[in-house]
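There are 2 protein chains.
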Amino acid sequence: MTTEAPSLIDVIKGHIERKEWDEAISLLSQLRAADEADLFSELSNSEKRELLSHLSYAELAKILENVKKDDVGNISEQVNGNTLFEAVDRISPDQGADILHHLPAARSAEILARMTERKAVQSLLGYADDSAGGLMTPELVALTRGMTVAEAISRLRKTKPPRETIDVLYVVDRHKKLVGKVTLRQLILAEPATKIGDIMEHDPVFISAGTEREECVRVMAHYRLTALPVVDEQQRLVGLIRLQEVAQVAEEAATEDMYHMVGMSGHERVFAPMRDSIRRRLPWLCINLGTAILAGFVVNLFESTIARVVALAAFIPIIAGQGGNAGAQTLTIVVRSLTLGEVSFRNARKATLREVSLATINGLAVALLAGAVAYLWKGDLWLGVVLGVAMFLTMIVAGLSGALVPLILKLLRIDPALASTVVVTTVTDVCGFVFLLGVATAMINYLT
Amino acid sequence: MTTEAPSLIDVIKGHIERKEWDEAISLLSQLRAADEADLFSELSNSEKRELLSHLSYAELAKILENVKKDDVGNISEQVNGNTLFEAVDRISPDQGADILHHLPAARSAEILARMTERKAVQSLLGYADDSAGGLMTPELVALTRGMTVAEAISRLRKTKPPRETIDVLYVVDRHKKLVGKVTLRQLILAEPATKIGDIMEHDPVFISAGTEREECVRVMAHYRLTALPVVDEQQRLVGLIRLQEVAQVAEEAATEDMYHMVGMSGHERVFAPMRDSIRRRLPWLCINLGTAILAGFVVNLFESTIARVVALAAFIPIIAGQGGNAGAQTLTIVVRSLTLGEVSFRNARKATLREVSLATINGLAVALLAGAVAYLWKGDLWLGVVLGVAMFLTMIVAGLSGALVPLILKLLRIDPALASTVVVTTVTDVCGFVFLLGVATAMINYLT
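Line order of the protein sequences matches chains P and L.
The first sequence begins at -7 in this note's numbering and counts up one residue at a time.
The second sequence begins at -7 in this note's numbering and counts up one residue at a time.
Among the clues, some could well be false.
In this list, chains with the same sequence are indistinguishable; a pair is considered to hold if it fits within one copy or across any two.
Straight-line C-alpha distance at most 25 angstroms; calculated BS3-like pairs for lysine-lysine [to be verified]:
no. : residue 1 : residue 2
1   : K111      : K152
2   : K61       : K168
3   : K187      : K152
4   : K60       : K187
5   : K168      : K187
Quick caveat, the hints were computed from the structure, so don't treat them as lab data.
Chain P extracted, bound-state conformation (with noise of 0.2 angstroms):
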C-alpha cells in the first residue's frame, strides 16, 4: 500500500481528537473512500456526531457507501432526514437500496418516495438482502446483436455510465433475453464496423435474482468472472453483480461458519466493545454448562462402578478428549463442504457413510493403541478391553454425529455451523460415557 495513507489518518485522528474539525473534513477527502470509512468506524459516538454535522451531502454519501452497513443505522440516527435524504440519493441504486434496507421502515419509506431513482431503488428492494437480486446493480449498458462496434461506443459515450459497470457488456435480443457478452477490451480492438453479434461470446454464464449471495461469488471465482449477469423468473437481463462489490463476502461467510461453529455470532470482532462480547458468547457458555452437566449426569449413574474402579475416572478425559477432536475433524470439513457447496442433500448419503467408513478405520486404530496403552499403565488386560471397545464405538458415534448433525441443521434450515461443535460434542460424551462406563459395568466381575 502507499506509505503516505497512514500519516495522513494520523494527521486527521490528530484534528478531530482536538476538535479542529474544519482541518478534519477537508483532509478526510483526500482519503480513499475505503479508509475514510474505516475512520470514521473508528471514532466515539460523540466524535461520529460532530464530524457527520460538518459534512457535506456528497462526503456523507461516500462514508454511507463504504462503511460497514452495521453502522448505517447508527449514523442515520444522528443525520436529519433531509440530510440523509440528499446523501442517499447521492449514491448508486444498488447501494441505495441496500442502505435502505438497514433503515426503520418508516425512515427508508420516507426517503424512498423522495429519490430521483425511485423505480430502480424500489425493484431491488424486492429482493432479499442476501440474494443476486440484492447484490446486483441494475446500471448496464445493454448491446444488440446488429449494433455494429462503433455504434456501441458512440452508444457508451451517449449514455456516460457513471460507475465502472461496463468492463463486460452484455448483449440482448429484442426480449431482453441474455444472448452474449462482448468486454470492452474487445470492443477497442475491433473495427468500428465489426457486428456485435460477430464479436461476442456466446452462451454466458448467468445466475437467476434469487440466487444465494454465496453462491454468486462461488460462480464467479469458478469461472474466473469480473461481472455476473443477473436474469428475472423470465431470463430477461435485470442486473449484474461486480466482483469487486462482492469479493469480501467469501471471507465473511468463512468467518460466520468459524465462529458459528463455536456459538459466537458472525458478528463477534476481537476488540468489540465487551459488553456486546458477553452478550454474544455467555448465552453459548450457559447452554453448554448444561450439555455438560448432562454429560456429568451420565457418569454419575454409574457412581457405583467407578467406586469399584476408580481407575476408570482417568479414562474419562480420555474418551471425552479423543471422541471430541474425532467429531470436530467430521464436522468442520461437513460444515465447509456445505458452504462451499461440494456437499448437498444429493450426495449426503454418500459424504456420511464417507466418514463412517473413515470413522471406523481410524476408531480402530487409535482403539488399539488407547487400549495397549490402557494395559501396560494400569497391568489389567480387561481395562485395555474396557477402553479400547469403548473408543473404538465412540470414533464412530463421533464420525456419524458429526456428519449427521450439520446435515440435519441444515435440512430443518437451520444454519448447519450454528453450535453445531456443542451438539456433536454433547452426543459423543454422553454415547461415549455409556460405552466406557456401561461396558465397564457389564465386566465389573473381571475387572475388580
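Got chain P; can you put chain L on it based on the hints?
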C-alpha cells in the same frame, strides 16, 4: 448457471465411460474451461491417461491452466516432455510459471529453456508462489502522462493484449515508476485529444512484489479493486494482479484455517480418496490421544481423592467440556483475526488482556451457575464450592491459552491455526483437572 452445462457434462462422462474418446474430446472443447478442468479432476487415473493421449496441445494447455495446482504434477507424469512443453508454451507467463513451480526441478528447467516467453517466466519464478510476485501477470500495457487518449488506444490496438489485462491501464514515468491509473472506460469516454495525465487517477493503490497472497486479496477487497499493480523494490511497475485470478484465495485461506485448527491438512476434501484422508487425519488423532492420555494421567494422580469422593468423577466432563468450549471461542476469534490482519503483534497484548477480562466475567457467571447446580444436585455446599472455584480458574486459563497459543505459534513462525485446538484443549483439561481435584484434595476433610 446455464441449464445446458450439466447435461453436456453428463454426455461427455458417458462417452468417456464407453471409451469413445473422439466423441468425448470433440465435446470437451465446448465446455467452459473451469468445468472442463473439474470434469478432468474427477476422472480415474486410467481415464486421465487415455484422455491426455488424445488431447491437442491447446486443449492440454486449457486444462493445465484451470486444473487445481495439486493435479499438475499428476498430469505431467502422464505426458511426454515435448507434449508438456508445447502445452505450457501456450499458457500466459504467470500461469506458466505457476505450473513450472509444481513440476520436478529437472522437468521444469528443461521446459523453461525452450519457452518462447522464457525471460518473463524466469523473472516470475524468482518470486514465492504465494507472494504478490507469484500471483501477478507481467503482461500489462503501461501508458505515459504525455500520451493522448487516441495514442493510448492506438497503442492498445497495436499490442493487441491477448488477455483481459487492460481493463485498468497504469501510467508510469520515465523511470517506470507508477504514477497513475486510467480505466478502459475512461479512455472510451474521453475526447481523443485529451492527455492521459489529465484524466488519470493519481496515487493509485499498489503493493510490493513480496507481499503475501492473503494481504493482496484483502487490499483488493478493501479498496474494491479489480486490478492491483505490483511494484519492485525500486517502486517500478512490474506486473498486476487481477481480482478474478485471486478471488478463490480468500475462500481457500479460510478453509485452511478451519481445517488446521482441528489438525487436518488444508488439502483435505470431503470426497478425497480414503487413503489420503486417513493419512491426513490419523496422525493428528494419535497425537491427540497422547494429550488425552496426559489428561488421564493427571486425573489418575488424584485417584485416592476420587476413591473417597466418587461424585468428583461426574465433574470431570463438566470442567473439560466448559473449558474446551470457552477456549475454542477465544481461539477461533484470535486465529481468524490474525488471518484477517485485525490482530498483529502490535495489538496482541491488548487482545490477550481483553480475552482474559472476558473470561473472568463470563467465568464468574458460569462458575456461580455450575457451583449452584452442583450444590442443588449433590446437596453438599462444599462440592458446589469446589466445582465453582475450579470452573472459574479453568475459564481464565481457557481465555489465556486461547489467546496466547496462536500468538506464540505465530511468533515461532508456525501457522497459528495449526492444531491450536488440540493444544488449548490439553492446557485447559490438564489445568482444569488439577484445579478440580487439587482443590478437592485440599478440602478433602470437608467433603467426606
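Okay, the hints, checked on the actual structure:
1. K111 <-> K152: Within. Shortest intra-copy distance 20 angstroms satisfies the 25 angstroms Cα cut-off; inter-copy 41 angstroms does not.
2. K61 <-> K168: neither (33 angstroms within a copy, 40 angstroms between copies)
3. K187 <-> K152: Answer is both; intra-copy 21 angstroms and inter-copy 19 angstroms each pass.
4. K60 <-> K187: Answer is neither: 43 angstroms inside a copy and 37 angstroms across each miss the 25 angstroms cutoff.
5. K168 <-> K187: within (18 angstroms within a copy, 38 angstroms between copies)
Of the hints listed earlier, those the structure fails to meet are numbers 2, 4, in rising order.
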